[in-house]
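**Q** Listed here are the chains, written in short residue letters.
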Amino acid sequence: MSLLYDEGQLAIGNESRRILEARVEPAQMLPLLEKQGEYHAGFWEMAMEQGWTALALPEAHGGLDLGLVELGLIALQAGRSLSGAPFLTSSFGAAKAILDLGSDALKAEWLPRLASGESIGAIAFAEDQHPLPPVPEATFADGKLSGAKPAVSGGLHADLAIVLASMAGTPVLVAADLAGAQRQGFQTFDNSRCTANLVFNDTPGELLASGQQALDAALHILAQQAVVTAHEQTGGAEVLMERARDYANTRRAFGQPIGGFQSVKHRIAELYGLVELARAGALHAAAQDGQPDFIKAAAAARIQATEAYDTAARDCVQIHGGIGVTWEAGLHLHMRRARSLAVEQGNMLFWEDILVDELAGETA
Amino acid sequence: MSLLYDEGQLAIGNESRRILEARVEPAQMLPLLEKQGEYHAGFWEMAMEQGWTALALPEAHGGLDLGLVELGLIALQAGRSLSGAPFLTSSFGAAKAILDLGSDALKAEWLPRLASGESIGAIAFAEDQHPLPPVPEATFADGKLSGAKPAVSGGLHADLAIVLASMAGTPVLVAADLAGAQRQGFQTFDNSRCTANLVFNDTPGELLASGQQALDAALHILAQQAVVTAHEQTGGAEVLMERARDYANTRRAFGQPIGGFQSVKHRIAELYGLVELARAGALHAAAQDGQPDFIKAAAAARIQATEAYDTAARDCVQIHGGIGVTWEAGLHLHMRRARSLAVEQGNMLFWEDILVDELAGETA
Amino acid sequence: MTDDQTYAERANTWLQSVDSEFGRSARLGLCVSEDLALGRRYLAARFAAGYAGIHWPVEFGGQGLGYIEKLAFEIEEAKFGMPSHYFGISLGMPIPILMKYGADKEFTKERVLKALKGEEIWCQLFSEPAGGSDLAGLRLRAEQDGNGWKLNGQKLWTSYAQHSDYGVIVARTDPTVPKHKGLTYFWVDMKAPGVEVRPIKLAGGDSHVNEVFFDDVKLTDAQRMSPVGGGFGVAMATLMIERYSATDSAGFGPHIDLFVSLARETRINGRPAIEDGRIRSAIARNYAMRNGLEAITARAMLMLQAGMEPGPEGSLNKLVSVRSRQKLSELAIDLQGVNGLHFDEHAPVKENWQTSWISAPTGRIAGGADEMLLNTIAERILGLPQDHRPDKGVPFNQIPA
Amino acid sequence: MTDDQTYAERANTWLQSVDSEFGRSARLGLCVSEDLALGRRYLAARFAAGYAGIHWPVEFGGQGLGYIEKLAFEIEEAKFGMPSHYFGISLGMPIPILMKYGADKEFTKERVLKALKGEEIWCQLFSEPAGGSDLAGLRLRAEQDGNGWKLNGQKLWTSYAQHSDYGVIVARTDPTVPKHKGLTYFWVDMKAPGVEVRPIKLAGGDSHVNEVFFDDVKLTDAQRMSPVGGGFGVAMATLMIERYSATDSAGFGPHIDLFVSLARETRINGRPAIEDGRIRSAIARNYAMRNGLEAITARAMLMLQAGMEPGPEGSLNKLVSVRSRQKLSELAIDLQGVNGLHFDEHAPVKENWQTSWISAPTGRIAGGADEMLLNTIAERILGLPQDHRPDKGVPFNQIPA
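Chains as they are written, first to last, in the numbering used here: chain A, 136 to 499; chain B, 136 to 499; chain C, 1145 to 1545; chain D, 1145 to 1545.
The hints are simulated quantities; they were obtained by calculation from the structure and are not laboratory data. Since the structure is predicted, the reported quantities are computational estimates derived from the model, not experimental observations. Check before you lean on any hint, since a few could be wrong.
To be verified - Keeping only pairs whose Cα atoms sit at most 27 Å apart, straight-line, the calculated BS3-like set for lysine-lysine is:
id : chain 1 : residue 1 : chain 2 : residue 2
1  : D       : Lys-1253  : D       : Lys-1345
2  : D       : Lys-1494  : B       : Lys-170
3  : C       : Lys-1335  : C       : Lys-1345
4  : B       : Lys-170   : D       : Lys-1345
5  : C       : Lys-1223  : C       : Lys-1261
6  : C       : Lys-1471  : C       : Lys-1325
7  : C       : Lys-1261  : C       : Lys-1325
8  : C       : Lys-1325  : C       : Lys-1244
9  : C       : Lys-1494  : C       : Lys-1223
10 : C       : Lys-1335  : C       : Lys-1362
11 : D       : Lys-1294  : D       : Lys-1261
12 : C       : Lys-1214  : C       : Lys-1253
13 : A       : Lys-170   : C       : Lys-1494
14 : C       : Lys-1253  : C       : Lys-1335
15 : C       : Lys-1362  : C       : Lys-1253
16 : C       : Lys-1471  : D       : Lys-1335
17 : C       : Lys-1536  : D       : Lys-1536
18 : A       : Lys-170   : C       : Lys-1345
All chains should be modelled from the sequences, with the hints used to inform the complete structure.
**A** Structure (C-alpha cells):
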C-alpha cells in the first residue's frame, strides 16, 4: 500500500470527519464518564450506517473489502471527536481473528453480524500487567473456558470474545459466545470504554489456534488493533494541538496573546512535531499490513502515537491554565482517553520490548 | 554533619574559589586537550600548597582531619574552574582505602605522601562497562598482580593504585606500587584526566580485603569519590548556568537581549533548578558520610549531579549559538568534562541500580 | 534529641490519641459536608490541645512558637490524613494578612480565634476569568459608595468559597492608571447580600473551587486593608506567604515508596517490574530529585532556626515536584496494566496513582503555573529580562481585552 | 521494480565500481588537502558518469532528471562515504541560486560546469558575528563605488570558505531603512584582493568553518544578483533550498543499528545491555521517531513524483533528529563504560559515538538553531504570533547594538 492516500481514501477521511463533527459533540461524552457501561449510542449507530464496521472485512462476509489504511482514516477522525465507543477497534480485531483462524461455520455465524455491527466483538488476551501472557491463567478444556479475563475493553456489551487461554499448559486462542459468560463491570476513569472483567464458567468456546501459532496470531491481532488505535491516538493529539493553538491565539495575558510567549509557542510547535511523526508512523504501519516487517512498523507507530497523545493531553491542559482543568471544558476527556488507549492495547513498555526484539533479531 | 556550613567551611569555600579564579584560566586547559598525559601543573601545586590533598585525612598521617563536606567544597570550586587534574579525587579514594584497610606499615608508607601530594593515588576497579566487576579479570596470586585494568583516571601519573582483582575466583582489594606496573596512555576526549590502561606483570601488591568485604569496601570508596565528584559536577553546572545567564543578558538578537525570549530564559531557570538540586544532594551526601544510609545518599547525589552537568553543558552551548561550538570559547571543555566525570566514577546506569537496590531493600 | 524533635514526638503522641476520632479511617466514606463538620471538630480539638496558630502571637490566640514547630507539626499531622485542608488557605494566607493589615484589632482578634477553632473559614478572592496568571489584570470593580464601597464583578478559582464566612479580595478602584496602580485590597463578608458562589467541577470530579459573583456588594471603608490604589503590594505579600507554607517533595502526590512497592508487586514480561531498567531509572531519578528538594527544605529549616533568611531555591519545590509527580503517576498506571483502568474519584491523592494523575494538572496551574514560576526564577533570582509586556504603563482601560 | 529503484541500482553499481578509488577505505588517514584533492577527482568521475547535476537543466550540464533521482543517488552515495561533502554547499545553494539569478548566462554556464566537475567551489556568506539567527541584522557594508560596489565588513561561520573560489554574499546597502529592506545580494570572487579567510577551530577540533574579512573588496554591478535593497528575498530563497536537500533521520550521526549492535556487545551489571529496559526504551523511542521521519520523507518523495508540493512537516527533520542524536550519543558513551573515554577526532561522525556527540551541538545550531526552527513551525505553519521584535520597522542604524 502507498503512503499517499488515493482519492477514495481522502473521501473516506473527509466524509467521516464531516459527519462526526456534525453529529458528535464532545460535551455529550461528559455524562458518560459518570455512568457505568454507557457508550455514545449515536456514534455507534453512525459507525454501522456508514459501514465503518464493515470497512476492513471481505465482501464475501458482508464487508467492504478495504484495509487498515481506510479503517485508520476513520479511527483518526473518531479519535478527534473522542470516539464514543471502543467497538470499532475491538470488533475489527475479533473479526480478523475469526477470518484468519475460524471455521467456515464460525465465519458464517459471526462475520456478517460483526460487519453490520449488530454483534460486537472483544479481545480478551491480557491478564493483569501482561498484554499477552504466554501461559494464561484462564483455561480451556473439553471445548469449555474457565477462569476470568480482567478489564476487557468493550466487555460489557460484547457478544463475542477472542480469548487467550491455556489448554493443558499450552496457550490457545478461543472464540467464545459471551452469552455463556459473566460480565463484571467496574468504575474506570473512562467509563464509555465499557470495560468489564469476563468470568467464564464452563463457557463453550471454539479453538482457533494453539501453541506458538496462538501467540503469534494474538500478537498479530494486537498489532493490527494497535495500528488502528495509533490513528485514533493521532487524531486525539491532533485536535488537542489545534485547541492549544486556537486558545493561544485568542487568550491574552500581559497585554498579548499567550501564543506570543515562547514557552507556549514552542510547546505547541513540539506538539505539531509529535502529531506529524505519529501520523506518518501510523500510516506507514497501516500500509505495511501483510508485509514481513508489519509487527515492527506497528510497534513503532504505537509508541510514537502513545507518546503524542499523552504529551498533547498534558501540554494542552497546561496551556489552557485554570480553564483547562475544569470538568466543563472537557480537556480531561482527552487526558482520560489518552491513558485508556495507552493501556488497552498493551502499554508502552510492552511495545518497546516487542520492537527491540524485532530489531535485535535483525542485527543478530 | 549539618546541612549548614559553619564559618570555617564557608571560609574554605570562599578562599579556594578566590585563589582558583586568580590562578587558573579556563583557556589554559585548551592546549591540554591536544597533548596526551599533561595536566595543569599550577592547579596541582596549588592543591598541595593549600593542603587540599591533606584535607580529609587524619592528623596522625599528615592530614587536616576534615571530612567530605570540606573536600566537597574544594571540589565544587575546582569544578567551576575545570579542575586541572583528577588526582584530588583519586588520591583521596586511594588514601581512604589504605586508611580503612591497610596495615600500619602501608599507612606509614603512603598516607603522609598522599596527604602532602608528593605521591598520587588512583583507583582501578572498573573493567570495561562494569565499575565494580564482582569477579575481575585482573588476578592476584602469591602477592603479585597480573592482567590489566582499562582506562584508569590519573593512571599515567599515579604512584599507587587500589586494584580490584580476583584471587582464585574471589574478589580482592589490593594496594599496588605502580613502579612495578606498565602504563599505556591513549587519546581521550579529555586528555588532562591522564587516563591510562594499567598492565600488571607479577606486580607486587598488598592485600587489603577479600570476598564480600572487598566488594563492600570498593563500593564505599567509589561512593565517597562519587560524592566528591558530585560537588565537582555541581560546580561545573553552576558556572555554565552563570555563563548562560550572562550571555543571555548581553547578547542581543531581534532588538533585545536573547534572555528576553522564554525559550532561553526558561531553559536557564531550569538549569538553576538542576544546579540547586545537585548542590543540596551533594551536601546532604557529604554530611551523611559514616551514616548507615550513606550509599543511598551518595547514589542520589551522583545521579542528580551527573544530570545537572550534562544538561548544563548541552543547554549552555545551545544558548550561546555559533560561538558556543568554537574551540576558543572553550565551552566544549565543560562538555568533555561533564562526560568524563559521568563515566569515571561509574555511569548513571550503575548508580541508578545501586540506589534502587538500596530502596527496594528497604521496602522489602 | 533536638527540641523540635521532642516537639514533633509530642505532637505525634497527641495525633495518635485523636486518630481514631478524626484520622484517615474515621473519614472513610464521609460526604463533603460530613467531612467538613468533622474537620471543624478536629480544629477545635487541635486548638484545645495547643497546636493551633503555633507560630502566631499569643495575643491572637497563637502559641508564640517558631516556624520550625509549625512545620514539624504539619509534617506529623499529614501522616494521619486529618481533615484540616478546608482550613489550610484560611489560616495560611487571609488570616495572617488580617493580623498584619486589619485596622480594627478587636474585630481581628475575634476572627482569628474563630478561624483557629474552625468556626469560621476565610477564602482568598484573587483570580478572575480574564487573568489567571496576570493578577494585576483583574477587572472586578470597587466604586466609592457614600463613605464606603460597592463591589461589582466576578472572581474565579476561589478555593472553598462555598464554605467561607469571609474573604480577602483585590478590586480595581481606578481603571485610568496603569494596571498595577489601580488596585485596592479589602475583606468581604461572604454572606453579604449580592455575593453568589457557584462551585466549579474539576477534571477529577471534585468541586473545591468556585466562581464568585459580586452584585452591588456594599463594604464599609473599615473593610479596606490597603491604601486606595495600594492593593497590589498587599496581594503580593499574601502570595509570598505561600512560598513558606509546607512543601512536599512528592508534589502532594504519593510517596516514592509507594511506587517502589508497586514495582515490586507488578511484572513486566513476566519479570518483576523492579528489575526492569526503565522502572529502576524512574525510581532512581525521582528519588534523587526528591532527595534534593528535601535537603533544600531541611537546610531552610535550619536557617530559620538560626534566624537566617532561607535561599530562593525554596521556590523550586512546587515546580519540580508536581511536574514529575504527573509523569510518575502516568507510569504507575501503565505499570498496573489493564488493572490500571480502575478508578475511584474519592481515593486519596497521596495514596492513589489514578487520582494523583488526574489532579496533577491542577497542581501545576494553581498557586502559580509552571511558566510563571520559571519566569519568577529567571527574573527575580537570575536577573534575566522581563517578558515583553505591551500593557506595561498603559492605563488599564486602554489595554485591548 | 519502479523506475527510481532501477535508477538507484544503476547508481549503486557505478559507485561500487569506483569504491576502491574514492570510497571510505581510500580516504582512511588522508589529511584534509589530500582528501579534498581526491574529492575533486571523484566529482570529475561522477560528472563523466552522468551523476552530476542530476535534476538540473541539460543546458547547464545537468542530467535533466527529477528530484527523486537526485535523492536516490545521494542515498546510495552516502553508503560509500564518498568525499563529496566539500562540494555539498557549493552545489546545494549558491550554484542553483546563480542559475536562477545570475545575469550573465555565459559566465553562469561556465561556473556551473566547473562546480559540477569539482574544479571550483562556492561558499555562502550569510552569518555575521552580530547575528547568527538574525540574518536581516547583518552589518557588512556594500557602498556604491563608481559603477560598482565596495565591500567592507566581516562574515562568520562560512563553511569551506578556505577552499572556495567564489561565494554568494548578502550585504547592507542602505542602513537608513528597516533592516529587511536595506540588503542586496551579490556574488564575490574569494580570491579578489581584500578578501581574507581565517579558519575557525570547532569544539571537536576540526576547522571547516571560517571568519571572512572584506577590506575594500571591489565588485562590478554585474555581480549583483538582486535588486538593490531586494537581497533579503533572494537570501530566503537560498535558505528554502536547504529544506529540500537530503534529510537524515539519524541526524547526520550514526544509524540506530549501530546503537543496537553496541547494546548487544556491551553489558550492564553483567547482563547484555540489550536486555536492559533503559537501553531498550532508548532504542525503541529513537527507532519510532526515526521511522516517523523516514515515512514523512518517503511520502514527500512520492508527492514530488506525483508533482505535488510536500507538506511543511519536512521541516521537522533536522530539529528532531539532531537533538535526539545528541542524547543517544551521550548514552552510547555511557554504555561503553570506561572504554567510552577513547577519542579519535578524525573518526567519521556517522560511525563513531564520540565524534557524533562532540559535533552534535554544531548540528543543532548550524542552518537554523532549534529555537528558530520551532519559531518557524509555530509562526509559518501554525499561525502563532511572531515574537516581540523591538527592532521591527526601525531604521537599521537606529537599532541599539
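**Q** All hints are to be evaluated individually against the structure, with a verdict given for each.
**A** Hints, verified against the model:
Of the pairs offered as hints, the one joining Lys-1253 (chain D) and Lys-1345 (chain D) is violated, with about 35 Å between alpha carbons and a cut-off of 27 Å exceeded. For the hint linking Lys-1494 (chain D) to Lys-170 (chain B), the alpha-carbon distance of about 26 Å falls within 27 Å, and the restraint holds. Between the alpha carbons of Lys-1335 (chain C) and Lys-1345 (chain C) the distance comes to roughly 22 Å, so the proposed pair stays at or under 27 Å and holds. Taken as a hint, the Lys-170 (chain B) and Lys-1345 (chain D) pair is honoured in the structure, with Cα atoms around 16 Å apart against an allowance of 27 Å.
Proposed proximity of Lys-1223 (chain C) and Lys-1261 (chain C) is supported: the alpha carbons are some 21 Å apart, at most 27 Å. Between Lys-1471 (chain C) and Lys-1325 (chain C), the direct Cα distance comes to roughly 40 Å. Violation of the 27 Å bound is thereby established for this hinted pair. The suggested pairing of Lys-1261 (chain C) with Lys-1325 (chain C) is violated, with an alpha-carbon distance near 37 Å, which exceeds 27 Å. Of the supplied pair hints, the one linking Lys-1325 (chain C) and Lys-1244 (chain C) holds, its CA atoms being roughly 21 Å apart against a limit of 27 Å.
At roughly 10 Å between alpha-carbon atoms, Lys-1494 (chain C) and Lys-1223 (chain C) fall within 27 Å of each other, so this suggested pair holds. With a CA separation close to 12 Å, the supplied pair Lys-1335 (chain C) and Lys-1362 (chain C) stays within the 27 Å bound. At most 27 Å may separate the alpha-carbon atoms for a hinted pair to count; Lys-1294 (chain D) and Lys-1261 (chain D) exceed this at roughly 31 Å. With a C-alpha separation of about 20 Å, the suggested pair Lys-1214 (chain C) and Lys-1253 (chain C) falls inside the 27 Å cut-off, and the hint holds.
Distance restraint check for Lys-170 (chain A) and Lys-1494 (chain C): the Cα-Cα separation of roughly 26 Å lies within the 27 Å cut-off, and the hinted pair is therefore satisfied. Note on Lys-1253 (chain C) and Lys-1335 (chain C): the hinted pairing holds, with a Cα-Cα distance of about 20 Å set against a maximum of 27 Å. As the CA atoms of Lys-1362 (chain C) and Lys-1253 (chain C) are separated by approximately 23 Å, the hinted pair is consistent with the 27 Å bound. Using a Cα cut-off of 27 Å, the hinted pair Lys-1471 (chain C) and Lys-1335 (chain D) is violated, with the two alpha carbons roughly 58 Å apart.
Restraint check: the Cα-Cα separation between Lys-1536 (chain C) and Lys-1536 (chain D) comes to about 19 Å, which is no more than 27 Å; the hinted pair holds. About 16 Å separates the Cα atoms of Lys-170 (chain A) and Lys-1345 (chain C), which keeps this hinted pair within 27 Å; it holds.
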